[in-house]
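Chemist: Here's the letter readout for the chains.
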Amino acid sequence: MNKILLIIRREYLTRVRKRIFLITTLLAPLSICVITLLPIFLMEHGVEKEKIALYDESGIFAGQMQNKKNVVFRHINTANVPYDSLKKNYSASGFSGILRIPPDFTVDRPDNIEYFSNEQLGMITQEAIADQMNEVLRQNRMKEANISPELMEKLNAPVQIVQTDRTLSTAGTSMALGYIMGFMIYIVMLTYGLMVMRGVMEEKTNRIAEVIVSSVRPFQLMMGKIIGIALVGLTQFLIWIILSGIILSFLKGFYSSDVSQLQNISSISGQTGEQNMPEMANFIVDLDKLPLGLIAFGFIFFFLGGYLLYASIFAAIGAAAGEEGDQSLTFIATVPIILSIIIMMSVLNQPNSKLAIITSLIPFCSPVIMVGRLPFVPPLWQIILSASLLIAGFILCVWLAGKIYRTGILMYGKKITLSEMAKWLRY
Amino acid sequence: MSFLVLDEVVKNYATTRALDRVSFEVQPQTIFGMLGPNGAGKTTAIRIITTILAADGGKILFNGELLSQRHSEHMGYMPEERGLYKKMKVWEQLVYLAQLKGMNARDAKRKVFEWMEKFNIRDWWNKKVEELSKGMSQKVQFIATVVHNPKLIILDEPFSGLDPINSNLIQDEIEELRKNGSTIIFSTHRMEQVEEICESIVLINKGKIILNGNVKDIRHQFKKNEFSIHYNGVEPTLPSDRFPVIRKMDHELVVKIEDRSSSTDLMRELVKEQVEVSSFTELLPSLNEIFIQQVEEKNNE
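Protein chains in written order, with the working numbering: chain A, 1 to 427; chain B, 1 to 301.
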């Protein structure tokens, strides 16, 4: 159909050519990156090295404290340097503070360590210090109890739950991915849906609609607009996918040592040594374990299905409302979209609950919720059923919306009620 | 053969009947007026002809063929409520609308520029519609209606909001299009224009046709046998049983001729009275009078 292509082309070009399109396309991922990655980056790399004077009068920690990424310990010879004089000039010697272990400190009652500084001790530093000291104390206690390190390892051997078909360890990553994707669908359905609505309202208030529908069928005009705007969205997505590919490879390079280390560990022992690795590296490693093809396909399918469903509802609302300012009917479409994202939040915590299964089958919320569940790899029958119901749902919505649209777009100067819209379905 | 035939066309909206067995014919290469008060069903009839709406009953023939969507390419429609995409450039908009009417891009561009040349708005081709004055955008709308050289042109209140210059321009253009082979339907309230340009009319009220035919015939059909006589000198006296005087003005009498007599009788009487007559004209009712009278009559029924 040649004419619907003309409409799609116009809808697409007029939007993509606008400067605002370029700006939002480039700025949106940039701001998301900054918001999500900056704190992680700062936490791991923005920390200054703290030099700490270790004033150990008990002699227990002598030579045992190891330097860490962000903390460096210097042993102070307690025989030569009196504590009071250190207190006076620690800062001039480049120390952030003094960690004093009093002479009466014992392994059994480790509760009288002092930290002296006129600066607040940071969380991370404090944790690093405590971890170090605990480790030293543990070694000492083991020695006292005559426990060899080999025995200790035996005693400490942790339980291993290995799920045979997929690894439990990806849960965190699945949740993050599900959240990001569900949220994207939510944003897209809302913003592009509203874009369709505004486009329809523009045609109605500009009084161009009647001229156009004397050349093409109203349904072609409506679908042309919906598809044209979908292509705008896909263009935006394509740019985003390319951008995030670039960012991801940048991150992979950035964390390359951690990633390869993780991959080695998991390939040797079949388990991941997550504890000491940065979150980002975990995320990247886990991503490779998920069925990314299925997730990407599902994402695009549910994006298109959900978009078509809601865009047609928005188009019908735009055609009915028309005259400027009268957007009170918008809630019909916005409420279910917003509800979906709220439900998704709790579904992500229990991706196989009854709520999750039921809501991911309902076409009005499945685009958000099923996509949120995809990284948890729900049973195939659920995905297929949900997809089929979504197809049926949007065909029904497009059909009904077409009827309302057809009448609404030619109706001027009248306040339209819901019951009126219901009447148009019978025209 | 009639160019357009409406035969017993019916259209219902949920509870109201918008068109009730409407039938009329439009001859090719004529200008046809569709009249009626607001809400009479004119716009519904036009939307059915332009294939925007489907009729619930009856049939429509377009150039001898049963009307279908594909005929819309041979029609140009300027609705009463008309507008353009504000953010689009003038030429892009016109080319787009022409393409929707089935023209290819190259022909559309050529024709658009021809028409813009003709209407003296060639310099505006690259402007956005929102930058145009009202008169300018009316010209653009008219070009959009006729650029694809339609066989049937439908204009709904084409002169509403037009300044006299544009109004004349478009009136001339309509006449030229007719000469070049187009058939034109236009709907309006302004009767004096209908009398001036239309050959035939149809008068619709409450979804029904109450008058249909040639403008001259209709005016004769509703004539009241009144004659205006201009004279010099003394006021003549006429037998009031046969020629009652309706109005008297300065050296003018309006006289009704009763059924038994004819205009020849009246002239004979005037000659007999030795009246110096400077003009003798039959007064035909204006379409406006007929329109109001007919609509009121039907509404009182």
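It is possible that some hints are incorrect.
What the hints assert, rightly or not - Once the Cα atoms are required to be at most 16 Å apart in a straight line, the calculated EDC-like pairs of lysine to aspartate or glutamate come out as:
{"hint": "1", "chain 1": "B", "residue 1": "K86", "chain 2": "A", "residue 2": "E202"}
{"hint": "2", "chain 1": "B", "residue 1": "K87", "chain 2": "A", "residue 2": "D131"}
{"hint": "3", "chain 1": "B", "residue 1": "K256", "chain 2": "B", "residue 2": "E269"}
The hints are simulated quantities; they were obtained by calculation from the structure and are not laboratory data.
Chemist: Which of the stated hints cannot be reconciled with the structure, identified by number in ascending sequence?
Modeler: When the structure is compared with the hints, only number 2 turns out to be violated.
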